[in-house]
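So the sequence lines, in the order shown, correspond to chains C and G. Quick note on numbering: the first sequence equals residues 580 to 1053 in this note's numbering. Quick note on numbering: the second sequence equals residues 3 to 311 in this note's numbering.
If you are wondering where the hints come from, they were derived from the structure by calculation, not from laboratory data. Quick caveat, the model's predicted, so the values are computed rather than measured. Even glycine gets a Cβ: it sits at the ideal position worked out from N, Cα and C. Fair warning: there could be bad hints in the mix.
[As the list claims (entries may be wrong)] Selected chain C positions facing chain G (in silico; Cβ < 10 Å):
no. : residue
1   : Ser642
2   : Ile645
3   : Ala653
[What the hints assert, rightly or not] Simulated crosslink set (SDA-like; lysine to any residue; CA at most 25 Å straight-line):
no. : chain 1 : residue 1 : chain 2 : residue 2
4   : G       : Lys307    : C       : Leu901
5   : G       : Lys307    : C       : Glu715
6   : G       : Lys256    : C       : Arg893
7   : G       : Lys307    : C       : Arg895
8   : G       : Lys256    : C       : Pro900
9   : G       : Lys307    : C       : Pro900
10  : G       : Lys256    : C       : Ala740
11  : G       : Lys307    : C       : Gly862
12  : G       : Lys256    : C       : Ile721
13  : G       : Lys256    : C       : Thr762
14  : G       : Lys256    : C       : Asp896
15  : G       : Lys256    : C       : Arg906
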Amino acid sequence: MSDHESRPIVALVDAARHFGPVRALDGVSLAVNPGDCIGLVGHNGAGKSTLVNLINGGFAPTSGTIGFGVGETALAAGVRSVFQELSLCPNLTVAENLRISHTSLSGLNWRRAARAEIRQSLDTIFPGHGIDADAEVDTLSIAQRQMVEIAIGFAPRGSMARLVILDEPTSSLDAGIADQLLTHVGRFCAGGGAVIFISHMLGEVFEVASRIVVLKDGKVVAEGEADDFTRKGLVDAMGHVAPEAGDVAVTAREFGPEILRTGQGLAARKGEIVGLSGLAGHGQAEALAQLYLSQSSAWRADRTARAAFVAGDRQRDGVLPLWSILRNISISVLRQCARGGLVERQAEAGIAENWRRRIGIRTYDVTNPILSLSGGNQQKALFARALASPAPVVIMDDPMRGVDVGTKQDVYAMIRDEAAKGRTFLWYSTETEEVCQCDRVFVFRNDEISAELSGADITEEKILQASFAMQEAS
Amino acid sequence: MNILLRHRIILPVVSLAVLLAATFYMQPRAMSYFGLNLLFNLAVPIALATIAQMMIIMVNDIDLSLGTFVSLAACVTATFLNDAPILGLAILLALILSYALLGAMIHAFELPAIVVTLGMSFVWGGLALFILPLPGGVSPGWLRALMTVKPPFAPMAVVAPIIIAAVTHLLIVRSGIGTVLRGVGGNARSVQRAGWPVIWLKALAYGLAGLFGVLAGMALVGLTTSADANIALRYTLLSIAGVILGGGEFTGGKVSPAGAVIGALTLTLAASFLSFMRLSPDWQIGAQGAILILVLTARLIFSRKGAGT
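Isolated chain C, as found in the complex (with noise of 0.2 Å):
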């Protein structure tokens, strides 16, 4: 190995960047050689966010140093992001979606070499992926713009990458086409480049990463071989204690009335968790829409609303991102806490500062811009906003996308603590593991409802079988 190549790709030593008062990142050194892949891990506004956006240029450090092995800066170095935050051009076709971070791409046929480039990524990473090259972004959906996103990170792009940075890519993906990622990114490094990859589902963290870090308060509090950490290490150094999987067994309740069923045939009753499963993308999504706007939309809408929704889509159906967080909270509980149509400032200021304490948001000052919080308080902003309303039916579309562990546990709680006051749950999730916290599960294929499971049938095994069962038979 020469020693160019066995230079880090970027080092950081003792980087730092503040906001403000807010410590978001506190001192870190790193080195990424090439061949590492490094799983970066922590809960949300543990600053890794803030930690890939120092490494690849986004913003300056406010003390310490970045050091690229190649080239003065990250893009020159070859280091690429694939955000959480979906960050492609809605309006452009895929192709010309490269193009924009393909700068040396020119000449009259530029459209064609795009297309060959973008079409052989996606074919190496995504065997089988169906997706056009001439495809207008925002007729892909959310799991294909994902795949076209790390395709680009993935593409040589003039140059060649060096190190991508994955900030929750499986987020949105099924579990077929996050294993084609994590197969690829072991094969990456294999060939010399380095990957960071950031992810909640610790699972896939272990099954790829050679090293991993743990940051924790803009600190990093562990890091070493992936081998030295077990599970519960991790969990533990990251500062939130999960329960042991044998301790969320759903107790048998008894349950209410039925208070609605559609005509798909999904179905809840009155407190409980009614959970909606399968692949990802075969029509829970838009059940769950349909059934939100049926109780919803109406000419003559009354006073208390009958549903609550929390999209999973933040930026697309979640945050109104203008407003500050007290505004995007209790935007479901204004006619509430109006009198004679004018919003009573004090009651609506309590109601957010409650819901910050009981959910955790971590700010400290609900008025801050919403965007000021990193997406997985985001996220929980928009919980508080869907449980503050007095709705007896909250509707949530995979809501759990980039939330870290110790808040799934939190949420979890509270959701079930809601349901035993008689609120009724729909939930669909991409995760098994949340999936078996309902009361009863509609396993969905094809836009259509292929199982109903409940009780002690809620296993992974029953409704992985429900999912393929059709395309193992055909």
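Fit chain G to the known structure of chain C by using the hints.
Showing chain G alone in chain C's frame:
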């Protein structure tokens, strides 16, 4: 997949074809070289102004000063460009650069474009009045000749929009830099992350708008042979309507240059069509609005259906 959603250009083309057929039905004599020239004569400057507006809408802004800007360009063309071509050219160039600077400022200080351009409309309008307090001025001879040239087969009023559409299509849809510019409208943050200086891209988009605005003013003077400080005030709203009619959207960088030109032609034709119907000019603006609403409703219905299937 809905064909109308994939090919946004179909609806504008159909609208124009229907309106054209109705016009020919009402007035068959319009179906001639001379007739077409008369029908679409004034569409050339409107098409150029619509392209200018499209450049701004492409980057998620809107320009409320375009009408006064085109008027100012027309006034400069009819006076300075005719009397002292070098100075006139320098002034027009300065106007384009000031547009680019405006774009950079709007981006750098995160100003709302709608307010800035509304303010600038008074500046442009004032300057135009300053140059030409009374209607007058003379079109440069070469410009007059260019606008009244008679190409074989099809009149200038038809050839010019086709050329404008082809050139801007190449520039905005086919070229690499055009793709990046549309990317700014779609997701400016991702363009920035890829290493593009967004401030320069915004300046470029506004600069292009300035260029096409100046061309619109020049084309207008070439047709009318003189200018007036209020000559193109209508263009602000006409250009916005043209972009939307042509399949563009206010946000998200979804624009179509060919569609914008077709939108401009449709709006011009709508005015002539209403005259053929012997509708009093008092009602024409309202009727034009009705046509606009009709087309937009059609588009909404089709896209809803497309989303439903």
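Verification of the supplied hints:
1. Ser642: violated, 24 Å
2. Ile645: With a minimum Cβ separation of about 16 Å from chain G (threshold 10 Å), the hint on Ile645/C is violated.
3. Ala653: Because about 9 Å separates Ala653/C from the closest Cβ in chain G, which is inside the 10 Å limit, the hint holds.
4. Lys307/G <-> Leu901/C: violated, 31 Å
5. Lys307/G <-> Glu715/C: holds, 19 Å
6. Lys256/G <-> Arg893/C: holds, 22 Å
7. Lys307/G <-> Arg895/C: holds, 21 Å
8. Lys256/G <-> Pro900/C: Answer holds: Lys256/G to Pro900/C is near 21 Å, not above 25 Å.
9. Lys307/G <-> Pro900/C: At roughly 29 Å apart (the allowed maximum being 25 Å), Pro900/C and Lys307/G break the hint.
10. Lys256/G <-> Ala740/C: Judged against 25 Å, a Cα distance of about 31 Å means the pair is violated.
11. Lys307/G <-> Gly862/C: holds, 18 Å
12. Lys256/G <-> Ile721/C: The given pair, whose Cα atoms are some 20 Å apart, holds under the 25 Å limit.
13. Lys256/G <-> Thr762/C: This hinted pair is violated, its Cα atoms lying about 37 Å apart.
14. Lys256/G <-> Asp896/C: Measuring from Cα to Cα gives roughly 20 Å; hence the hint holds.
15. Lys256/G <-> Arg906/C: Given that 25 Å is the threshold and the Cα spacing comes to 31 Å, the pair is violated.
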